[in-house]
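Chains A, B, C, D and E, in that order, are what the protein sequence lines are.
Each residue of the first sequence is one higher than the one before, counting from 5 in my numbering.
Each residue of the second sequence is one higher than the one before, counting from 948 in my numbering.
Each residue of the third sequence is one higher than the one before, counting from 4 in my numbering.
Each residue of the fourth sequence is one higher than the one before, counting from 2 in my numbering.
Each residue of the fifth sequence is one higher than the one before, counting from 391 in my numbering.
Among the hints, a few may not be true.
What follows is a list of derived Cβ distance ranges for each label pair [to be verified]:
1. B/1400 x E/445: 18 to 28 Å
2. A/259 x D/83: 46 to 56 Å
3. C/30 x B/1264: 48 to 58 Å
4. C/279 x D/83: 27 to 37 Å
5. E/716 x A/222: 42 to 52 Å
6. C/301 x D/284: 26 to 36 Å
7. C/279 x E/411: 42 to 52 Å
8. D/135 x E/509: 26 to 36 Å
9. E/509 x C/30: 40 to 50 Å
10. E/533 x D/211: 48 to 58 Å
11. E/509 x D/211: 40 to 50 Å
12. B/1381 x E/557: 56 to 66 Å
Source of the hints: derived by calculation from the structure; they are not laboratory data.
Where a beta carbon is used, it is the ideal one built from N, C-alpha and C, also for glycine.
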Amino acid sequence: MPDTPVPAPRGTSDSVAPVLEAVGVSKHFEVRNRGGNNAVVRAVENAGIALHRGRIVALVGESGSGKTTVARILGRFYAPTEGEIRLHGRPVAAGGIARRDYFRKVQLIFQDPFGSLNSLHRVRYTLGRALKLHGHARSRREVEDGVIDLLRRVNLTPPEQYLDKFPHELSGGQRQRVVIARALAVRPEVLLGDEPISMLDVSIRLDVLNLLAKLRDEEGLALLYITHDIASARYLCDEIDVMYAGQLVEGGPKEAVIQSPKHPYTRLLLDSSPDPGRSLAAGSASEGLFTATGELGEPPDPADPPTGCRFHPRCPFAMDECRESFPERTEFPDGQWVHCWLHQKGRAHLLAPAPPAQSLKETRP
Amino acid sequence: ACSTSRGSSGSDASNIDTLNMTASSATSTFVRNWNGFSPATDKAPGTSFFYEPLIRIDTMHAKTPEGWLAKSFAWSNAGKTLTFHLRPGVTWSDGKPFTSADVRYTFELPTKTPGLAVVPIGYRSLATPDAHTVVIDFAKPAYQKLATFSTLNIYPQHIWAHHNPKSWTNPDPVGTGPATVSGFSPQQIALTMRKNYWGGPGKGVKKVDIKAFATPETAKAMVLNNQLDWTSINWQSAKKYFTSKDPAHNHYWVYPTGGDSGLDYNTGKAPLDDVHVRRALSYAADPQKLLPLAPTGQGVANVTGYSAAVYGSLIAPAYRNQKVTADLSKAKAELAKASYKLNSSGVFTKGGKAYPLTIKSVAEYTNWPVWADGLAEQWKEDLGLKVSAVRVPLAQMTPQLSKGDYDIAWDWQVNGSSAWASAFGVLHSANTAPEGKPALTDYTRWNNPTTDRLLNAWQNTNPADLAAQQKYAYQLQKITVDNMPFRPLVDNGSFVVASSKNWTGWPSPANTNYVPGPTSGPDTTMTVLNLKPTR
Amino acid sequence: MLNGILRKWNVRIGLGIFALALLVAFLGPWVAQSLIGWSGHQVDYHAIGRPPGHGHLLGTNTAGNDVLAQTVLGARGSVFVGLVSAVLATVLAAAVGVPSGFVGGRYDRVMTAFTNVFLTLPSFALTLIVAGYVQGAPWLMIALIIAVFEWPGGARYLRSQTLSLRGRDFTVAMRMVGETRLRLVFFEVMPHLTGIISAMFLRAMVAGIFAEAGLAFLGIGSTDTISWGTMIADAHSQSAILNGQWWWFVPPGLCIAVLGMATALVNFGIDEITNPRLSAAGRRLVKKFHAARAAGRRAAGPAAAETAGRST
Amino acid sequence: MTDPALLQVDGLSVDYLTPQGSARACSDISFTLRRGEILGVAGESGSGKSTLITALTRLQRPPAVTSAGRIVYHPADGEPVDLVAQSERALRRRRWRQLAIVMQSAMDCLNPVMRLGAQFTDVLRTHDPSLDRAAAWQRAGELVRMVGIAPDRLPAYPHELSGGMRQRSLIALALACDPDLVVMDEPTTAVDVVMQRQILAQVLRLRERFGFAVVFVTHDLSLLLELADRIAIMYAGRIVEIGSSADLYHRPKHPYTKGLRDSFPPLHAPLRELSGIPGSPPDLRDPLPGCAFGPRCPRAHAACEQAVPPLRTVEAQDVACVLYDPQNPEATAHA
Amino acid sequence: MRYFRRRLGFYLFTAWAAVSLNFVLPRFMPGNPADTLLRDLQDQTGQAPTPEQVHTAQTFFGDPTKDLLGQYLDYWKNLAHFDFGVSVTNYPTPVSQLVGQALPWTVLLVGTTTVLAWVLGTALGAYMGWKPGSRFDAIFAPTTTFLHAVPPFWLSLVALWGFSYKLGWFPVGGGYDPKVPFSLNNVWFVLSVLKYGALPACTLVFVGFNGWLFSMRNVMVTTVSEDYVLLARAKGLAAWRVLFKYAARNALLPNITGLAMAIGGILGGTLMTEMVFSYPGLGLLLMKATTGHDFPVMQAVFLMITLAVLVANLIADSVYVLLDPRTRDEG
Ligand SMILES: Nc1ncnc2c1ncn2[C@@H]1O[C@H](COP(=O)(O)OP(=O)(O)OP(=O)(O)O)[C@@H](O)[C@H]1O
Ligand SMILES: Nc1ncnc2c1ncn2[C@@H]1O[C@H](COP(=O)(O)OP(=O)(O)OP(=O)(O)O)[C@@H](O)[C@H]1O
Ligand SMILES: [Mg+2]
Ligand SMILES: [Mg+2]
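Okay, chain A solo, but in the shape it has when bound (with noise of 0.2 Å):
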C-alpha cells in the first residue's frame, strides 16, 4: 500500500465562524462524598471549544479530566453550570433552540459501540427510526432507501446484507459505523465522538478513523474527537486541545501541539504515550521532563482541586504564581495556545528542545 501523505489541514479556526462554540463553560456536578457530606465535583471549568466545518478537533487529556462532560455539554445532555453553548453563534441555552431541532445539527457518537445500539433491534428499525424521527423519510420506500444510503455511507457494502442484522451479529467495527450512520441519519452538522474507538480491536480502529475522516473532507462534517490517545488524534484531527482537570491547558493545530507542546502537562502526556518509533531509535534515549514518574503523584481530586494551575502538584517547574492564579492564555502565531505561568513569565526556554522523550525500557547491556 503506497504510503500517501495525509493532506494538510486546511484553513485556519479563526477565517470562518465556528458551527458550534462552547463559551467559558463549566459544569459542576453535586454529589456526596464519603462522610456524607455535600461535595462539588468541578468536572469542567472555564472551557471554550470551538468546532468547524470540515474540520476535527481532538480534545485529550487524562482520565478524569473531563472530555466526556465536554462533549455531554456539547451535546445537551448536561446544561452547563456557567457559560453558554451557541450553534451558529446561536446561544441554545433555556428556549434558544429546541431539544429536537438542536439534535438535528449536533449527534453525539458513544465510546461503547456494544452499548449505544439496541441489542432488540435491527439495523432497519434503528437506522429508520432515525430518519423518520426528522421526517427524512415518510414512506417505507423512503426509509429503505435512506437506510439503504446511510450504509452506503459509511462504507457497509453491500447496504441490503446488513439491513436486517441484529447488532450481535455485527463486527465492532460494523457496530461502531452503524452506530455513526444513525447520527448522520438527521444530516447533522457536528459529530460529537466521545473516544467512538477505544472498545474497538486494535485492527479495527483504523477503518472508523478513516471513515471519519471521510465525513469530514466529503460532507463538511465539523467533529470533536475525545481520546486519550495522542497518537490517533494526530491522525486524524486538525487540531488538539488537552484538558487537565477540567481546564483546557493547551491547543492548536496538531503538529504544533505535539512537536512543541508549550505546556508541562501536553509534555507528560507525549511522553507517556507509547510511541515505538522513538524507543528504538536506537541510541536517542536522553532524559525526559519527569524522568522520576513513580513520584508523579496522583491525578487531583475534582473535587477538591489545586489552587491556581491545577497541574502545579505535580509539575517540575512550579513557581509560586502557579500556585496562585491560573494563567492567562499566551497565543502564539500559529494558532497554537496555552495556560502556563511558564509563557507569561518568561521561561518557556524551560520546556523548548523537546527531546525525544526516554524509552521506557533501559537499555540492557
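Dock chains B, C, D and E with the ligands against the given chain A, drawing on the hints supplied.
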C-alpha cells in the same frame, strides 16, 4: 397439687382418679379467664364445674325445668310471680355459705353496671324475704322466661363485690360447683373435685384435666391414643374409625337437642315467595341420601323440626312419627303448579326474568356444606333445577341471613330452650324485618298474623297445662309443615365421645335424664359425679 | 435471547407444564365431564370415601365426589386465581416500577418509599388479615388481594432495571437522536424487560396459587369454586389425614408442587441465559474430558500418556 | 541473552469445551522464556492471550482444559518440573513464590470486603508461616511503598483506592514472595496513558531489582515494542511470529504482524494513511484447514489454504507463514 | 453516619405507615364482632340467641367508625403505653397477655428453624456452588427444586399424616405434653417441648432451607468465578481459606439481607405450620383472632410481626454494613 416429676395420672399401675376431658369447642390454648359476665367466646372452659344456675332443664323430657341450686320453684299470680326456694347447706368453694343475697347480687348486676354485656332478666322487682327465698315479680306473665334461669349462673357476692366485673378475669373462680382450679397451663386446666360439694363427692372422680385441642382431628387422635376419656366432637364415620376399633369401650352418642337443621327459604324473595317452589324444593330434598355424605351419626329430622325423642306429645299426632322423606312425584307436581317456570338451563323464570338460586351453608362446619352440595346435586338430577352451593364463613352467615341476603340456606330451625321459644324465634313477626333490614332471628321472614296470635297466646299459658300447650303447638306445626318457610332435614345433636376404659357409668340416650356433654352446666356435673373408675 | 431461552430443555418442560395447566384450567369442566365421566360435584352414592379404583382413578372423597374430577376442576380455581393475581401484580409492578425508574426525581422517591413500605410489611399476615375481613370473597377478590401484596418486589426490581436501562448508552443515544419519551419506554426499555417480566409473571402466578391454597387452607379462600387449596382444606377438615385418605389430599398438593417446579425450571433456564456462569454444562464436559483422559491413560499405560500430551 | 531458561512451553493446547463444540483457544504454543526476560504477547481480542496466561499459571477455569503440551518450569534450585502434570496441591506450594500473576482489572482482583493489608498478609503468612502478624504487616507496607503507595493506606478497602493505586498494589502484591515469573494480563488497559507509564516504569525498575521474568499480555503492540525484550504475536490461538521487539517493528515478517504494527499511527514519525486489518477474526470452534489469517491476508494464495504453516526460524525471528516456506514458489517473491 | 440516618428515617416512616394501616384496616372492613359472638354462642349452646341477647351484643360492640381522629390519637397514646387494649373473644383479657402467652412459642419455633434452615441451606449451597456440576450438586439441585416448590402447609399435612398418625413417632399437635407440669425448671417439660416442636420444626427447616440453598449456590457459583477468587487461588492459599475468606464470605452477603427480607414471609409460613400442628404461637393466635374478628388482637399481632420485620431489616442493614465496606460510602 401437681407432683414435680411427670404426671402420674392415667398410668396403668395406680388407681384411676383423674378424668381427662376437653371443652366442647376447639381451642389450641386456654386463656385464664372465667369472667362469667364477659361476652367473650373463648373463655377458659370448665365454668360448669364452678358456677351453677338455679334450675336445670331436662332436655330428654320435653325440656322440663327442674330445681338445681333452687331446691324448688313455683309460679303464682297468673305467671307474674316466680318464687325460688334455695337449697340449704350449699357453700361456696371458699367455705362461705350460699344465700339469696348472692342470687340477688347476680341478677341485679346487669342493671346496676352500665356497659356489662349481659342481658338483664327484665323483672319488675326482686325480693329476698330470707336467706333461702328469692321472689321475682314480672310485669306480664313470664312462664317462658323460666328457661332463662337455667343459663344464669350465680356468683358469690363476697368475691365479686370487690372486683370490676367488666375487667376482672377471675383467674381462680370461687363457686358452688363441684370443683376448683388446681393448675393452669395453656394446654391444660387441672381441676380438683370438692369434698364438700352439696351434691356429694361423686362415685370416684377426684381430679379433672381439661385439655386443649386445636382441631377435632387432634381430639380424635387423643381419644384413639387413650389420652382422653370424654369429649364432644362430631365424628364422621365414627363407627368405622372409632367405635368398631374397641366396641366395648369406645362410645359415640348423638344426643338430641330437640331441634333440627335444614333449609331456610327466604320467603320474602322471588321465587321463594311462591309456596309451590318451596314445596317442590322440599319434597325433592332427600336427607336419607345426604346423611352418608357426612355421616355424623345424626338422624333424619321430624317434619316439624321438633325432635320426637325430646318433645314427644308436644308434636302433633299426625306428625309425631313422620320423618322427612323425599317424594319426587309430589315435588314435580308442585313444580308444575309454581308460577315460576324452569328454563332450559334449570333456572326459575317468570315474566322473562330469571331467578337463579344459591344455597348457602357455613364454610367452617364439616357437615352442612357437604349436605348442601349434595342437595344442589339432587335438585339438579331430580328436578333439572340449577342451584349453586356457596359456602359462607361462619362470621358472615348470621349477617347474611339476617339481612335476607340469601335464597336458600342450611341453618338451624327449632332450637329454643323450650318448644315455645323454638317456634317464637323463627316464626314471630317481632323477630323479622323487611327485606334488607336486619331480622333478629326470623330469617325466613315468615310474617303471619295467625302465627303471631298463636305464639302470643302460647306464651301466656302455664307450662304445666299440657293440653293448652299442645293446642298451640299443633296449630303452629301444621302451619309450618304446610307452608314450609323452612324444611327440617337433619336432627340436631349433641355429640358425645366417651371411653369406658378408665371410667364407666356413662348414660346412654335411651335411658337418661341428663345429657353427658362436657359443657352442659348441671348435666356435666351429673355425668362426672356418676362416673366410676375401672380400677 | 428469547430464542435461546426457548431452546433450553428445562424451560421447555416448564412452559409445557404451564401450558398443560392452562389447558386443563380452561377445559376443566369439559375434561371432567367427558373424559373422566364425573363432574366435580356429582355424588357417587355407591362410592363414598373410596380409595383409587372401581371407576374412580383417584378414588372419591367422603362426599362421594370423584377426586380426579375435582383435581381437574380445581386447576381452574387455582390457576385462574394465580393467573389473574399474576397479571394484576405484574401490571402493577410494571406500572409503578418502570415509570419510577424512567422518570426519576421526586416521583421516583415517593414511589420507591411507597414500594419499600409495602415490601417491608409482612405481606402474608396482611393478606390474611385483609382476606379475613372480606371472608368468603369470590375468587376474583382473592386474586386481587394476593396481587396487592405481590407487586412490590417486582416493582423494585423493574425500577432498578429501568434505571440502569435508562442510563444505558442505547437509550441515551436514541434520546439524543430525538426519540419521544413514550417510544423510549415502550420500544427501547420495555423490550429488555420482557425476560424479567415474564419470569416475574410466572413466579407471581405460582405465588398466587400458593397464596390461594394457603388462604383456602386457613378457611379464607374463595368459597364458590373448587381449587386445589379448597380440596386440601376440605380433606383436612373432613379428617382425610386422620383417616389416611391420602388419595384425597396428595393429588392437589402434588399439582401445586409440579407447577411450582415448572416455574423453577423456567427461571433456571432464564438464569442460565442471563448468567452463563450458572450453567454447569461446561463443567460437566470438563469432567468428562478428564475422566476420558484418565481412562485413556490407564488403558495405554504411563508411557502413552507422555506422548499423548504432545500430539495434536 | 545467555540467561538460562525459566519456562519451556512445548506444544501447549487449550480447549474450551462447550455444548456447541470445543474451541481451541491456544493451539500448539511453544516458546522458551529466559530468566529475567520480558516476553510480550500481543494480538487482537480473542486471539487467546488470556487463555495462554491462565494455562501457563495453571489457573484456568472450566470449561477450559489443557488438552496437550507441557510447561516445563526450571526452578533456581532443583529439577525442572512439568507444571501440566503437577497436582493442585503441589502447584499450591509453587504459586506466588515462583509464579505470580497480575490481572487486568484490579477492582475485580482485590477482594472487596478485605482490607488491602490483609490481602497482602494472608499470602505472606501462607508462604512463610514463621512471619508473625506484625511483621507481615510491616512487609506489606514495604511492598506498597515500592509502588508509590503510602503504607498508611494498608487499612483501606479496595474501593477506597483510586484505579491506579489498585493496579499498582496488585503489582506490589505479585512481588510479595519474590517470584521468578510474573505473568501480566493487560495490567494497564483500564488506566490512562499517564498512569500506564508510571506503572510500567515501576515494573521495569522492580524487574531490575529483583530479576523476575515477565510474560506481558496486551493488545497494544506499540506499548510492547517499548517494553518487551521479545514479542510473540498471536492470531487465532497460535503464535504466528515471535522475535525481538526491534526486529518485529522494523522487519515484521508475518503479514498479520505487519498489519498490526500499521494499526498504530506514529506519534512523531511522518503520517501516512493507514488501513488496519480488514475483516474479523475466525471462529475458533470451526477452524480452517489452512492458515487462520488467510481470509484477511492481503498476500493470501492457494498454498495458504492447504495446511497450517508451522513456526519456522527466518532470520532473527520465528514466523508461521507459507511465504517463508522454502518449498513455496511464492516465498522467494517476498524473501 | 448519613447512611444509617437515612435508613432509620425510612424505618420510622414504614413503622408509622404500618401502625396506621393497622388502625385503618379493621375500621373499614366489613364484618362485625357482635355477629361472630352470637353465632358462636349459638354454636356452643345449640340454642338460638334470644332477641334480647342480639340487642345487647350489638350495643356492646358499638360502631367502629365513630370519631376516627380521636380514636387514632387514643390509639397512639395507648401504643405508647404498650396498651394494646382488651381482646374481644377473650374479653376482658388484655391483648398483651394473649400475645405474651403466644410469642415465646413462635420465637422459639421460628427462631430455631430459621437459623437452622439458613445455616443448613447456606452451608450446603456454598458447598454446591463451590463445585457446581459435582455429583452432590447434580443430585441435590433437582431434589431441592422440587422441595422448594411444595406448598409448606401441604408438606406439613403429609408429614403429620405420615409421622404422627401412621407411624406415631411424633405427637399430633400442641407445644408440649400437657401431662407434664408447665415449668421451665422441669426437665421433662423442656424435653416434651422439644418432642412436640420436632415435627413442625423439621418441616419448617425442610421447606425453608431450599431457598437459602439456591440463592447461596447461585451467588457462590458467580462469586467463585470472580477474579479475586482466582487470584486467591493463584496466591497459593489453602483451599479452605479461599472457600471461606474469599468465596463464601462474599457470597454470603445477599443471603444475609435475604434473611431479613424473608422474616415476614417466614412468619407467614410459620402461621400455617402452627395451624397444622396446633402449635400455640402467634400464628395460631392471629388465625383465631381473624376468624373471631378480634380486632385488638389482630392489630397487636400484626404490629409485632411488622416490628419484628423492621427490626430484622435494621439489623441486617447494620450487619451488611459491617460485612461489606462498600455500602458505607453509598449515597
Ligand atoms: N454525573 C456525574 N456526577 C458526578 N460527577 C461526575 C459526573 N460525571 C462526571 N463526573 C466527574 O467529573 C469528572 C470528569 O469526568 P469525565 O467523565 O468528564 O472525565 P473523562 O475525561 O471523560 O474521563 P475518561 O477518560 O475516564 O472517560 C470526573 O472526576 C468524574 O468523576
Ligand atoms: N469460557 C469460555 N467458553 C468458551 N470459549 C471461551 C471462553 N473464554 C474464552 N473463550 C474463547 O477463547 C478465545 C480466546 O479468549 P481469550 O480470552 O484468551 O482472548 P484474549 O486474547 O485474552 O482476548 P482479549 O484481548 O479480548 O482479552 C476466544 O475466542 C473466546 O471466545
Ligand atoms: Mg470519558
Ligand atoms: Mg484477555
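Here is how each hint holds up against the structure:
1. Between residue 1400 of chain B and residue 445 of chain E the beta carbon distance is about 24 Å. The supplied range of 18 to 28 Å therefore holds.
2. Range check, residue 259 of chain A to residue 83 of chain D: about 55 Å between beta-carbon atoms, so the 46 to 56 Å window is met.
3. Separation of residue 30 of chain C from residue 1264 of chain B is about 57 Å and conforms to the stated range, judged on CB atoms against 48 to 58 Å.
4. The hint said 27 to 37 Å for the Cβ distance between residue 279 of chain C and residue 83 of chain D, and at roughly 32 Å that hint holds.
5. Taking 42 to 52 Å as the suggested C-beta distance range, the pair residue 716 of chain E and residue 222 of chain A conforms, at roughly 50 Å.
6. Judged by the Cβ atoms, the range 26 to 36 Å given for residue 301 of chain C and residue 284 of chain D holds: they are separated by roughly 35 Å.
7. At about 43 Å, the CB distance of residue 279 of chain C to residue 411 of chain E agrees with the hint of 42 to 52 Å.
8. Hint check: residue 135 of chain D to residue 509 of chain E, Cβ distance near 35 Å, so the stated range 26 to 36 Å holds.
9. Here the CB-CB span from residue 509 of chain E to residue 30 of chain C is close to 46 Å, well matched to the stated 40 to 50 Å.
10. A hinted range of 48 to 58 Å for the beta carbons of residue 533 of chain E and residue 211 of chain D is consistent with their spacing of about 53 Å.
11. Distance hint check: the CB atoms of residue 509 of chain E and residue 211 of chain D are about 46 Å apart, consistent with the given range 40 to 50 Å.
12. Range check, residue 1381 of chain B to residue 557 of chain E: about 59 Å between beta-carbon atoms, so the 56 to 66 Å window is met.
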